[in-house]
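Chains as they are written, first to last, in this note's numbering: chain R, 104 to 637; chain Z, 104 to 637.
Derived by calculation from the structure, the hints in this document are not laboratory data.
Hints are supplied without guarantee of correctness; some may be wrong.
No distinction is drawn between identical chains; accordingly, a pair holds when it is met within one copy or between any pair of copies.
The calculated DSBU-like cross-link candidates involving lysine-lysine, where the alpha carbons are at most 35 Å apart (straight line), are [to be verified]:
no. : residue 1 : residue 2
1   : Lys218    : Lys393
2   : Lys618    : Lys194
3   : Lys618    : Lys163
4   : Lys333    : Lys365
5   : Lys598    : Lys141
6   : Lys568    : Lys194
7   : Lys389    : Lys618
8   : Lys248    : Lys218
9   : Lys248    : Lys333
10  : Lys186    : Lys435
The chain contents come next:
There are 2 protein chains.
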Amino acid sequence: MAPPSAVDIEGVTDTSAVVVTEPLTVNGVPVKRAKSGKLVAGVAAGTSSDFFKSTSCQFKPKSKNFEHRLTEEAASRAAPSLKGLAKYLSKPGILSLGGGLPSSEFFPFESIDIKVPQVGQFSEQETRESGVQVHAGKHDVIEDKSVFDLSIALNYAQGTGSAQMLRYVTEHTEIIHDPPYSNWQCALSVGSTSSLDMLYRMFVRRGDYVLSEEYMFATAAEALHPMGVKIAGIKMDSEGLIAEDLEETLNNWNEEERGAKKPFVLYLVPTGQNPTGATMSFERRKQVYKVAQKHDLIIFEDEPYYYLQMQPYQGPDAPQAPPPASHEEFVKALVPSFLSIDTDGRVIRLDSFSKVIAPGARVGWIVAPDHIVDKFVRLSEVSVQTASGMSQMILFKLLDETWGHGGYLDWLIHIRVEYTKRRDVLLHACEAYLPGEIASWTPPAAGMFHWIKLDWKQHPHASTKGVRGIEEEILETCIDKGVLLVPGSWFLAEKSIEPTELFLRATFASAPFDKMSEAIKRLGEAIRASFGLH
Amino acid sequence: MAPPSAVDIEGVTDTSAVVVTEPLTVNGVPVKRAKSGKLVAGVAAGTSSDFFKSTSCQFKPKSKNFEHRLTEEAASRAAPSLKGLAKYLSKPGILSLGGGLPSSEFFPFESIDIKVPQVGQFSEQETRESGVQVHAGKHDVIEDKSVFDLSIALNYAQGTGSAQMLRYVTEHTEIIHDPPYSNWQCALSVGSTSSLDMLYRMFVRRGDYVLSEEYMFATAAEALHPMGVKIAGIKMDSEGLIAEDLEETLNNWNEEERGAKKPFVLYLVPTGQNPTGATMSFERRKQVYKVAQKHDLIIFEDEPYYYLQMQPYQGPDAPQAPPPASHEEFVKALVPSFLSIDTDGRVIRLDSFSKVIAPGARVGWIVAPDHIVDKFVRLSEVSVQTASGMSQMILFKLLDETWGHGGYLDWLIHIRVEYTKRRDVLLHACEAYLPGEIASWTPPAAGMFHWIKLDWKQHPHASTKGVRGIEEEILETCIDKGVLLVPGSWFLAEKSIEPTELFLRATFASAPFDKMSEAIKRLGEAIRASFGLH
Numbered sequence: 104m105a106p107p108s109a110v111d112i113e114g115v116t117d118t119s120a121v122v123v124t125e126p127l128t129v130n131g132v133p134v135k136r137a138k139s140g141k142l143v144a145g146v147a148a149g150t151s152s153d154f155f156k157s158t159s160c161q162f163k164p165k166s167k168n169f170e171h172r173l174t175e176e177a178a179s180r181a182a183p184s185l186k187g188l189a190k191y192l193s194k195p196g197i198l199s200l201g202g203g204l205p206s207s208e209f210f211p212f213e214s215i216d217i218k219v220p221q222v223g224q225f226s227e228q229e230t231r232e233s234g235v236q237v238h239a240g241k242h243d244v245i246e247d248k249s250v251f252d253l254s255i256a257l258n259y260a261q262g263t264g265s266a267q268m269l270r271y272v273t274e275h276t277e278i279i280h281d282p283p284y285s286n287w288q289c290a291l292s293v294g295s296t297s298s299l300d301m302l303y304r305m306f307v308r309r310g311d312y313v314l315s316e317e318y319m320f321a322t323a324a325e326a327l328h329p330m331g332v333k334i335a336g337i338k339m340d341s342e343g344l345i346a347e348d349l350e351e352t353l354n355n356w357n358e359e360e361r362g363a364k365k366p367f368v369l370y371l372v373p374t375g376q377n378p379t380g381a382t383m384s385f386e387r388r389k390q391v392y393k394v395a396q397k398h399d400l401i402i403f404e405d406e407p408y409y410y411l412q413m414q415p416y417q418g419p420d421a422p423q424a425p426p427p428a429s430h431e432e433f434v435k436a437l438v439p440s441f442l443s444i445d446t447d448g449r450v451i452r453l454d455s456f457s458k459v460i461a462p463g464a465r466v467g468w469i470v471a472p473d474h475i476v477d478k479f480v481r482l483s484e485v486s487v488q489t490a491s492g493m494s495q496m497i498l499f500k501l502l503d504e505t506w507g508h509g510g511y512l513d514w515l516i517h518i519r520v521e522y523t524k525r526r527d528v529l530l531h532a533c534e535a536y537l538p539g540e541i542a543s544w545t546p547p548a549a550g551m552f553h554w555i556k557l558d559w560k561q562h563p564h565a566s567t568k569g570v571r572g573i574e575e576e577i578l579e580t581c582i583d584k585g586v587l588l589v590p591g592s593w594f595l596a597e598k599s600i601e602p603t604e605l606f607l608r609a610t611f612a613s614a615p616f617d618k619m620s621e622a623i624k625r626l627g628e629a630i631r632a633s634f635g636l637h
Numbered sequence: 104m105a106p107p108s109a110v111d112i113e114g115v116t117d118t119s120a121v122v123v124t125e126p127l128t129v130n131g132v133p134v135k136r137a138k139s140g141k142l143v144a145g146v147a148a149g150t151s152s153d154f155f156k157s158t159s160c161q162f163k164p165k166s167k168n169f170e171h172r173l174t175e176e177a178a179s180r181a182a183p184s185l186k187g188l189a190k191y192l193s194k195p196g197i198l199s200l201g202g203g204l205p206s207s208e209f210f211p212f213e214s215i216d217i218k219v220p221q222v223g224q225f226s227e228q229e230t231r232e233s234g235v236q237v238h239a240g241k242h243d244v245i246e247d248k249s250v251f252d253l254s255i256a257l258n259y260a261q262g263t264g265s266a267q268m269l270r271y272v273t274e275h276t277e278i279i280h281d282p283p284y285s286n287w288q289c290a291l292s293v294g295s296t297s298s299l300d301m302l303y304r305m306f307v308r309r310g311d312y313v314l315s316e317e318y319m320f321a322t323a324a325e326a327l328h329p330m331g332v333k334i335a336g337i338k339m340d341s342e343g344l345i346a347e348d349l350e351e352t353l354n355n356w357n358e359e360e361r362g363a364k365k366p367f368v369l370y371l372v373p374t375g376q377n378p379t380g381a382t383m384s385f386e387r388r389k390q391v392y393k394v395a396q397k398h399d400l401i402i403f404e405d406e407p408y409y410y411l412q413m414q415p416y417q418g419p420d421a422p423q424a425p426p427p428a429s430h431e432e433f434v435k436a437l438v439p440s441f442l443s444i445d446t447d448g449r450v451i452r453l454d455s456f457s458k459v460i461a462p463g464a465r466v467g468w469i470v471a472p473d474h475i476v477d478k479f480v481r482l483s484e485v486s487v488q489t490a491s492g493m494s495q496m497i498l499f500k501l502l503d504e505t506w507g508h509g510g511y512l513d514w515l516i517h518i519r520v521e522y523t524k525r526r527d528v529l530l531h532a533c534e535a536y537l538p539g540e541i542a543s544w545t546p547p548a549a550g551m552f553h554w555i556k557l558d559w560k561q562h563p564h565a566s567t568k569g570v571r572g573i574e575e576e577i578l579e580t581c582i583d584k585g586v587l588l589v590p591g592s593w594f595l596a597e598k599s600i601e602p603t604e605l606f607l608r609a610t611f612a613s614a615p616f617d618k619m620s621e622a623i624k625r626l627g628e629a630i631r632a633s634f635g636l637h
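Required output: the full structure, derived from the provided sequences and hints.
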């Protein structure tokens, strides 16, 4: 007999005896929540993803242990001493003059209201017209109006984030990635830039190397240099990092020559990579994961653009392919994450609401084995503490109370369609205005960036100016013509390497359609001028 | 002829020629702002406190330079390479496909409304009844309704924080502290815990010592231990850190014995110190500053409780002294900060809205010389980025657009009066219920904490149990009687030191009045039981 699935459960009254062994789905969430009972989590309540995962997680094997990879600093960080008080607080009738939390009577906010789109009516125009006003009061929990209120959200909180938002991101993570080991957990962050800074401090030491893509997210590289950490850039193609080059680099690592031990941290942006726009195929991910297993790497899977995966590019003048017709289709259309194939627990996934809700929220989260999340939370407690409670409340009201998991996926489908439109406008402009004999590209499948390669060897002064010289000339000519793009060499992971190819990064994230086209037209003129074409 | 002051300017139409040489006041702010013209600061606008200080700052000498104190990591941190694009963006008509900022059309928020107290009607009850609804729209700037809107606040921002909130904290800092050197600046933080973590990483190295109070804010100590940094605890009395002991410690520093160079970072909570509740007098601050000058220290002035300075304690059953009658009186009633006497620029002040607005905002700021703030911002850019834009918007709407600087001071006076009430309830209970022959204290002048000393030598097993043994017994007896306080030894800066005195920390920040009294009654019973009194 097949084990009962979440879907089977509908109509069952006493769910407490039901052990769900199927992965969590959007429809399974209400069932799971009903089974756990109402969420009770007051000011600075201790919490953990373990409370919010479906029982199916228990049937998976435990991850390997990666504590030996922690820096001395991270390994030695213990729980705050004042947490020692917590065990006494459960005593019935105890009066505490212990913790130094301010009283909510001194928070000068009676309520926060947000106006947000209804599911399915997501545009700015529709939001203005049919958006719903959602209310968060100061004492909604006592008044039984919500499980989260301002008296909780505006006070101090644990380093995990609030139970209310932790529940949401834990469920979301299980729905999308269903990590294949049992002891995964999430913790909120103040955004992935901060997560990355914290993870670097947890895993790398002065003098170490970190492995990454040869063209790399500039901030991720610039965070490392002052820490005295070097980067070994791994070759890329249109599917991102090349597994064979990673393997070769590690197989041939010469400690003496490099002056450093063989690295074990691999930093990756697998989807819609910044700056190259490359998205690793599922096959490529499996190859890279295999190398990571062989050389015992930890993968920092930084995925701000994961939900900016677009519809397949249909070519010039072709209409957009029809969007996913259901949540299941949408989830299936996403390239599987490293987390979803991570049987060992060697992937630390960095997630963020920045690109899909709003960067100003400064809310993200990480997913990793419990012993790693635990150390991340320890570091949060003595540094960022956790994400803004105002942001957490606003996201909770939108994502949990208004949209739910299904509505959020609908929003992500909306974003997918809109970014596809933007990309297509840019690509059509490139096809129309750029000289095909010089400029080439792979249509980006995800993210915000289009990576244009110029055949610099056709430049009249190729032999004297070299890649960097021509790149500089192109940048200046672009400025003259009134368009700004970022030169590819600015993103080189190893600054000292002389690039053999010339790229320009263009974003289609923000400019209005007509300006994007005009910008590419100017780029075409700049290239022609620089290369002496007519 | 005296130079024109801010007050003189009222009625002057063309203020552009007026150079203000008086320190900024609450009433001077509108004049100063009118002179600068409307604040224009869009998405991720570059900004600096220099734009928001009054011209009087220019007449002060420059600070000394403390860059030689920076760690190798902090010193080598440069501006992000993509900032190199900024210089091109000013070119008229340029179309940018450069920066990767998402379009605000994908932020699913039409507006945020907050209900907040009117000035002078600050209680929860009054806020419910007469609070005002304040509105933040997505495109308020274009629609000329505000200088800050959601399309800006919800996007990425600079490491300084938004220009809008930076202006407010800069003005506030000048009104309250008027730092005596010209090149001071502010930068927003995600709260002082994070500021401190960042400052530690900017100034201390593994193996270093940091100087601090012998009883120390636990998190500030626990952040240091895993970094391999030791703490030299300086003796305290009821006015906090003792300047003579600081001087002696530094004069007699034996590098060989300590295995470390003479420390130069002094971490202090000068006002309402956690855990001792001690507030340093102005005289004491000047003494400590003098030692800091002599030994070339940098002072981390961590001041979360600065505005929890209370009315002078009037004794048992006495009514509260009348509150400050004006903003000027209120500001004068505050003990001057280290920042306000910092002619050298050796003070880095950590400020926060956590204790006076709401901890969940996760918004604070630092004040320091420009070359230090610059490095703090560099670190922010590759880590926390800056405070939540949602929090910044909500604080801006409350503090800048609704209350203004004057209304905020009125709120702080309200808090002052309310905390005085709370403290007095606790003190009256202590006077009523604690055995005077065992328990003694200094009435706290600021903060959230009451520090109760027990004469442990009167304990029947004093000689066998020692301080720690009796402390443990008291804690257990307290739990038995149903009250929780924190044992003083948990806060020792140097964990290995055997304490010679026994303290308990009680907070009056959060419990209702009747529960506070009942808790202290139970404490009295616990002490009597433990000490064998009747």
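Comparing the hints with the structure gives:
1. Lys218 / Lys393: Neither, since 46 Å and 54 Å both go past 35 Å.
2. Lys618 / Lys194: between (65 Å within a copy, 16 Å between copies)
3. Lys618 / Lys163: For Lys618 and Lys163, neither the intra-copy (51 Å) nor the inter-copy (48 Å) Cα distance is at most 35 Å.
4. Lys333 / Lys365: So Lys333 and Lys365 pass the 35 Å test inside a copy (12 Å) and across (31 Å) alike.
5. Lys598 / Lys141: Neither: 54 Å inside a copy, 42 Å across copies.
6. Lys568 / Lys194: between (76 Å within a copy, 26 Å between copies)
7. Lys389 / Lys618: The answer is neither: 40 Å in one copy and 60 Å across copies each exceed 35 Å.
8. Lys248 / Lys218: Close inside one copy (18 Å) and across copies (18 Å); limit 35 Å.
9. Lys248 / Lys333: neither (52 Å within a copy, 49 Å between copies)
10. Lys186 / Lys435: Intra 43 Å, inter 38 Å, cutoff 35 Å: neither.
Figure legend: structure checked against the earlier numbered hints; hints not met, in rising order: 1, 3, 5, 7, 9 and 10.
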